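S.K.: Listed here are the chains, written in short residue letters.
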Amino acid sequence: KNQVEQSPQSLIILEGKNCTLQCNYTVSPFSNLRWYKQDTGRGPVSLTIMTFSENTKSNGRYTATLDADTKQSSLHITASQLSDSASYICVVSNTGTASKLTFGTGTRLQVTL
Amino acid sequence: NAGVMQNPRHLVRRRGQEARLRCSPMKGHSHVYWYRQLPEEGLKFMVYLQKENIIDESGMPKERFSAEFPKEGPSILRIQQVVRGDSAAYFCASSPVRGTSFIEQYFGPGTRLTVT
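Residue numbers (my numbering), protein chains in the order written: chain C, 1 to 113; chain D, 1 to 116.
None of these hints come from the bench; they were simulated from the model. Possibly wrong hints are sitting among the right ones.
[Claimed, not checked] On the chain D side, residues computed to face chain C include the following (Cβ under 7 Å):
1. A2
2. G42
3. F65
4. A88
5. F107
6. G108
[Unchecked claim] In silico lysine-lysine, PhoX-like type, Cα no more than 25 Å apart, as pairs:
7. C:K71 x D:K27
8. C:K17 x C:K57
9. D:K27 x D:K71
10. D:K51 x D:K71
11. D:K62 x C:K1
12. D:K44 x C:K1
13. C:K57 x C:K71
14. D:K62 x D:K27
15. D:K44 x D:K62
Computed from a prediction, not measured in an experiment: that's the story for all the values here. Quick reminder that beta carbons are idealized off the backbone N, C-alpha and C, glycines included.
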């Protein structure tokens, strides 16, 4: 069964600090992995998308890594800001159509003063 | 360029009533996807539509749920005879081209359905 597990479930950090969110998956065959940011009451917004051959991809203060051998990904947030408070969702895609997206339950990040 | 629009944002229905959720894709997008997010769970794919066609409905419950994307107007997700277990956030996404695993999907803000 295709699964995506994220950790931690929730995280509180001080503004300006860095943090790393984890994603493990068992989706097969693998096509690509995405990280989304979902603000409370909003739809998910894409941060990065990585294919099998990509190890790292950055989007501003967000850096995602992918280890396709161990089926793990991480999202590193640098110099956190209050606006980073949101849920971060790891999504893994099977090869094929859009119906093959498997969503994790997300890590809820709260950045405080 | 307006994003994906969904309405209503919040919908309350009593058990047994019908719920209609609307989704207007981004301008120029002709492919629409519906997802459901139950409390404390990840989003789950329901159905993928192109105008006037259902491409993939493998995630749709067999009964009470239907979806359409007419030539004119928004996509509609219809839930008949709602039950408490239908309470969830329903998200719509759209893409400009056929939805392969690489195509970016743009999500709407969701409709939160509460069944009392």
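S.K.: Run every hint past the structure and note whether it holds.
M.R.: Each hint tested on the structure:
A hinted interface residue such as A2 (chain D) counts as satisfied when its beta carbon comes closer than 7 Å to some beta carbon of chain C; here the least separation is about 14 Å, so the hint is violated. The beta carbon of G42 (chain D) is positioned within 7 Å of a beta carbon in chain C (closest approach about 4 Å), and the interface hint is therefore held. The beta carbon of F65 (chain D) is not positioned within 7 Å of any beta carbon in chain C (closest approach about 15 Å), and the interface hint is therefore violated. The beta carbon of A88 (chain D) is not positioned within 7 Å of any beta carbon in chain C (closest approach about 13 Å), and the interface hint is therefore violated.
Checking F107 (chain D) against chain C: minimum C-beta separation of about 3 Å stays under 7 Å; hint holds. Look at G108 (chain D): its Cβ gets to within about 5 Å of chain C, closer than 7 Å, so that hint holds up. The straight-line distance between the Cα atoms of K71 (chain C) and K27 (chain D) is roughly 36 Å, outside the 25 Å bound, and the hint therefore fails. A distance of roughly 20 Å separates the Cα atoms of K17 (chain C) and K57 (chain C); the hinted pair therefore holds under the 25 Å criterion.
For the proposed pair K27 (chain D) and K71 (chain D), the alpha carbon gap of about 14 Å is at most 25 Å, so the pair holds. Proximity of K51 (chain D) to K71 (chain D) is assessed by CA-CA distance (about 6 Å); at most 25 Å being required, the pair is judged to hold. Only pairs whose Cα atoms come within 25 Å are accepted, and K62 (chain D) paired with K1 (chain C) is accepted, the gap being roughly 21 Å. For a cut-off of 25 Å, the pair hint linking K44 (chain D) to K1 (chain C) stands: about 14 Å separates their Cα positions.
Proposed proximity of K57 (chain C) and K71 (chain C) is supported: the alpha carbons are some 16 Å apart, at most 25 Å. About 31 Å separates the Cα atoms of K62 (chain D) and K27 (chain D), which puts this hinted pair outside 25 Å; it is violated. Distance check on the hinted pair: K44 (chain D) and K62 (chain D) sit about 15 Å apart at the alpha-carbon level, within 25 Å; holds.
The structure is inconsistent with the numbered hints 1, 3, 4, 7, 14, although it conforms to all the rest.
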